Amino acid sequence: MRIAKLHALGVSIVTSAWSSQACAVAWDLREGVTDMSRRIQALHHMSFTVCVIVGIVVFGAMFYSIFAHRRSRRQEPAHFHENSRLEAIWTLIPFLILVGMAIPATSALMEIEDNSDADLTVLITASQWKWHYQYVEAGFGYYSHIATPRGQIDNKERKGEHYLLEADQPLVLPTDKKVRFLTTARDVIHSWWVPDFGVKQDAVPGYINEAWTRVDKPGVYRGQCAELCGKDHAFMPIVVEVRRAADFDRWLAGQRQARALASQAAIAARNKQWTMAELLPLGEQVYLKHCATCHQADGVGQQGKYPALAGSSIVTGPIESHLNRVMNGKADTEMQAWAPQLSDVDLAAVITYERNSWGNDTGVVVQPLTVYSAR
Amino acid sequence: MSETPRYYVPHSSVWPIVGSVALFLTAFGAASLIHQSTAKVAGEAHFGFAAPVFYTGLAVLALMMFGWFGTVIRESLQGLVSRQLDRSYRMGMLWFIVSEVMFFAAFFGALFYARMISVPWLAGAGGKLETHLILWPDFADTWPLFMTPGGTASEAMQAWGLPFINTVILVTSSGTITFAHWALKRNHRFGLKLWLGVTIALGICFLTLQAIEYSHAWRELGLSLGSGIYGSTFFMLTGFHGSHVTLGVIMMTIMMLRVLRGHFTPENHFAFEATSWYWHFVDVIWLFLFTFVYWF
Amino acid sequence: MHAHSATAEHPPKSGLRAFVARWVLTTNHKEIGTLYLWLSFTLFFIAGAMAMVIRVELFQPGLQLTEPNFYNQMVTLHGLIMVFGAVMPAFVGLANWMIPIMIGAPDMALPRINNFSFWVLPFAFAMLLSSLFMEGGAPNFGWTFYAPLSTTFGPPSTDFFIFGVHLMGVSSVLGAINIIVTILNLRAPGMTLMKMPLFVWTWLITAFLLIMVMPVLAAAVTMMLTDRHFGTSFFAASGGGDPVMFQHIFWFFGHPEVYIMILPGFGIASQIIPTFARKPLFGYRSMVYATAAIAFLSFIVWGHHMFATGMPLAAQLMFMYATMLIAVPTGVKVFNWVATMWRGSMTFETPMLFALGFVMMFTIGGFSGLMLALVPADFQYQDTFFVVAHFHYVLYPGAIFGTMAAVYYWLPKWTGHMYDERLGKIHFWSAAIAVNLTFFPMHFSGLAGMPRRVVDYSLQFADFNRISSIGAVLLGLTQLLFLYIVIKTIRGGAKASDQVWEGAQGLEWTIPSPAPLHTFQTPPDLASVEQANGLRT
Ligand code: HEA
Ligand code: HEA
Ligand code: CUA
Ligand SMILES: [Cu+2]
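Residue numbers (the numbering used here), protein chains in the order written: chain S, 1 to 375; chain E, 1 to 296; chain X, 1 to 537.
The shape of chain S in the complex, shown without the other chains:
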């Protein structure tokens, strides 16, 4: 690894030199915050250095020849066209170099693939275009969506520091514990990737893949979905908040309470009679967060791809079919079942909003209770 170290040094010098200018630019693979991410970076430096060296040799010879063996310098070309010993050598040496590269790669890979005896298991379920994190032992979970406002993406507002890499609810993990990830998906293939952990695992619908990590620095780490998964593939960030173990346990306990309270509150809210005035603003929020990406903020949808809701027969028609479509979705399309994802109030609100916006004036107010009984 000696060369690797040297190289790393070189790289870091260049990096710092550049970042001293206004913009901080990374030239190198992330070092990351796990033992594995560092091993991977070392592997990267090693293979890169090998390539540079081989490159120097090959291109060196080439350019020397280009310079020294030009017509203007050598009138008469030599005529040799074979040399078994030479050819044997340059078949053998690369082979040995490759063996040398394969050994550390193999040992690292074997460790990566060892998912045994984890302290904590998180089931990661991807769907278009959000993540769901389930704490298997603790028995609760939640969705995590992109939090970047639409306006920034459309260049209407100034872009924030973590543009596209911010989520409404991060995944929370403890430090110094072996965390096992189970990845799967509901619709298409996604890929859960956090560069700083050195973890990338495809989430394949109908199958569960395993990966693991052990983070040693608390902090917030950001990644993205790394497999083309349709329209909003670019807008599927991953944010992981790593806390010290004690801190994490406190958070876990807090979550349990919060959820207990929340469910009571939900029941209360469900049994309450809601007015249009109360539902519309809430509905608009929900709509913009979940629905607008396809059906558009003004409900006109997208020619041939996503139906318009303004004046749609379902939205303006009988309430049952509207409930059914929103709650159970449309099979094999991006229109997914929202019942498992949204609360009764949210559903009632967004459906009311759809039925009373963009010229849809049904005047209907959908009560959370109706939604509840439709579940």
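A portion of the hints provided could be inaccurate.
Unchecked claim - Some chain X residues well away from chain E (every beta-carbon gap over 10 angstroms; in silico):
#1 F59
#2 V170
#3 D420
#4 I433
What the hints assert, rightly or not - Now the stretches of chain X that chain E is said to cover, found in silico as 3 or more residues with beta-carbon under 8 angstroms:
#5 106 to 120
#6 184 to 190
It should be emphasised that the hints constitute simulated quantities derived from the structure, not laboratory data. Just so you know, these numbers come straight off a predicted model, no measurement behind them. Where is the CB? At the ideal position from N, CA and C, for every residue including glycine.
For chain S, the structure is supplied; the task is to place chains E and X with the ligands on it using the hints.
Coordinates of chains E and X with the ligands only, in the frame set by chain S:
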């Protein structure tokens, strides 16, 4: 066979472009047909042209075949076919068969993948325990697949009924076409007609039994393309094989017509030989099918 | 590229009918070769224009001119058309033009099939492009069309894409059969296999790869079709299938495919470098064996595209080792080229410049490929712009530079005119600079963690992307220069000698420039064939 020293190079021909247009119409028609019959987005009635285009395509394709092969036959009758050109035709046919083999190989690959990898994995084997426990807890690894993870049930095909008879039929037919070939080489026109006829008959028997087999699978066993990976691989493999048998029978029928017209000499009968190669290929594929789809 | 119009067989006719008769009905390998080359160039521009859209969108963070779905369509069509429409037809066109001449054959073995394989293509791509105007838009699932994004979730136009791919398959397989048969059966007496020019050798092996893998691609899209419409469940877990199985089938085709896109390039470099080094090719035999070894290995490395899909450890290791091994035969080739230049007497006309650029930048792409092969590292690279950088280095300065080198090398033989050397050099240098400006920064944006196939990206990738976009536009303009040079050369220019290049060896230089429509109708006398492959002993 004439020993023309020059390699015959036709000057120009309409048939290729006719063929391309036909192929395009067929493909475009087929796509539109499927598209229209299973319209995924609302309001797609404007695909009325689909069927006409598709069938026109097929018709022109047939026309092209007649025209093209007609030309080739005329050339060979004119003695333009040097030994070298004949070798080109043979090599061409062999490499074409190789590509056909690879096409089937892909479907066999799918079959083996399902049997050895995906189905066991769904049942928790090979480090995919969680897949089984969390996603498909009540799925059991059986082959044939009686119950899919999604819960579609079906029964399995039996090997030793019709399939075995079909095997016998095809193996025999492989022999009979060889007899026909020998007869042709010895210039026994009668033997040629007889054995070629028998082979065609056997081919038709095979297809008939296959049809019966399918209706049995469909009706009694509730087995269809929709019944999971077993049904998928079963019907796709046997189906494509069946279509190749059909093609083989058609080719042999054409050969028969040409024989009756008095075509082919003991030395010069590439078309006939190509047909027999094709038939052997179809036969070998079936042996694999019988072994891996029906038997084991 | 058709100055051989006025010849004995073809008195210069005029009018549309004559034109159609000539270009649509032709069975002549040179005319068909020309057709292939022009089709490829046209599609190269179309796909390139799409690349321009991509680069403009990625010029800065935020949504610029495309809406995400359209961006995905651009990426998909760009990849598909570049691979199947630009690179492959270009190489087939060169094969059509040169192989019969190089082996002393009167024409391709099956001239009518030859015409057929070409004329299927325009229709295939018309069908593919028509999907842009369909309800729901063009395919938007990447050129690798992974299930289930392409099956259950694919847009309606996917069916037209599927049949389009079928047509391309038919064309490629028939074309490959034609080339194999021509090489195996039509070589002039005395032109033994080990005396064939390397371009012919590499094409023989490429054609073999094509015949082996195109049918597999056809099978893959067929399974897609039945999964979409006939209830099969090849790629659906609920039926016992597996989405990842699609990737196995696709990459069993896909990896050999990438060598299909480079082997003829190797052949071209092996023709050009000896010519301008005025020195026989070094290690002819090892070149042949290396090509064969690469072809063989290409069948057992497909898993290196799938390291993150959850393959068993053993499989990952196997694929990693096999993939790394490819560096050895490829290295042999690179070293042989350098050794060919060594102690030669080199001049640097445009073809040589492109050939050298090819060797150097392909090697750089190869290096990044090797880095990608190390599984743990690939977990960090996979589906980032590092991969995009890798394959553009092997494909643009690789496949495309190879083709351009070949065009400059043989254009005088085709048209009878010398191209404008000054403009040629300008073209090379501007292209070489632009290519690196475009694709080198992608290594860094990839390492920094920018995923591929994203319409928008976070701020820290902005600088590199801006550079890439600027480079891309320059690169686009250099292509326009190339177009201008080619047309200028066809129109006129200094008369080219039969030999054209002082150091050139081989049968193609023994016939007049421009090459008459029909050559070697009676096999050439190969008493001097020792020269024919540069083996001056
Ligand atoms: C012309 C096309 C071409 C060629 C020739 C190659 C050549 C190689 N490719 Fe590449 N590759 C692609 C086209 C190509 N590739 C494409 C299109 C993709 C992306 C597909 C997609 O996902 O869309 C891809 C993706 C790809 C991946 C998957 C990345 C990912 O998605 O995670 C990998 C991983 O192993 C890989 C590896 C290699 C290797 C090892 C070679 C080797 O053949 C390179 C060998 C050459 C050298 C190594 C240089 C010369 C050798 C020497 C000088 C000898 C001495 C050198 C040493 C000992 C270091 N390629
Ligand atoms: C041989 C293959 C080949 C070639 C030559 C190219 C050439 C180029 N490619 Fe691409 N590319 C691929 C094969 C190729 N590509 C593949 C397989 C993918 C993966 C797709 C996928 O992910 O599914 C890809 C993906 C890809 C991406 C990644 C997109 C993403 O992941 O989000 C990008 C981004 O910059 C890109 C850029 C370019 C550029 C700038 C060029 C330039 O070299 C192009 C040069 C420009 C021209 C040739 C145009 C010249 C003409 C004009 C400028 C005039 C304009 C004309 C009109 C306006 C009518 N390509
Ligand atoms: Cu989810 Cu990409
Ligand atoms: Cu590959």
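To see whether the hints hold, each was checked on the structure:
{"no.": "1", "hint": "F59", "result": "33 angstroms, holds"}
{"no.": "2", "hint": "V170", "result": "7 angstroms, violated"}
{"no.": "3", "hint": "D420", "result": "34 angstroms, holds"}
{"no.": "4", "hint": "I433", "result": "41 angstroms, holds"}
{"no.": "5", "hint": "106 to 120", "result": "holds (count 11)"}
{"no.": "6", "hint": "184 to 190", "result": "holds (count 3)"}
Violated hints amount to a single one, hint 2; each of the other numbered hints is respected by the structure.
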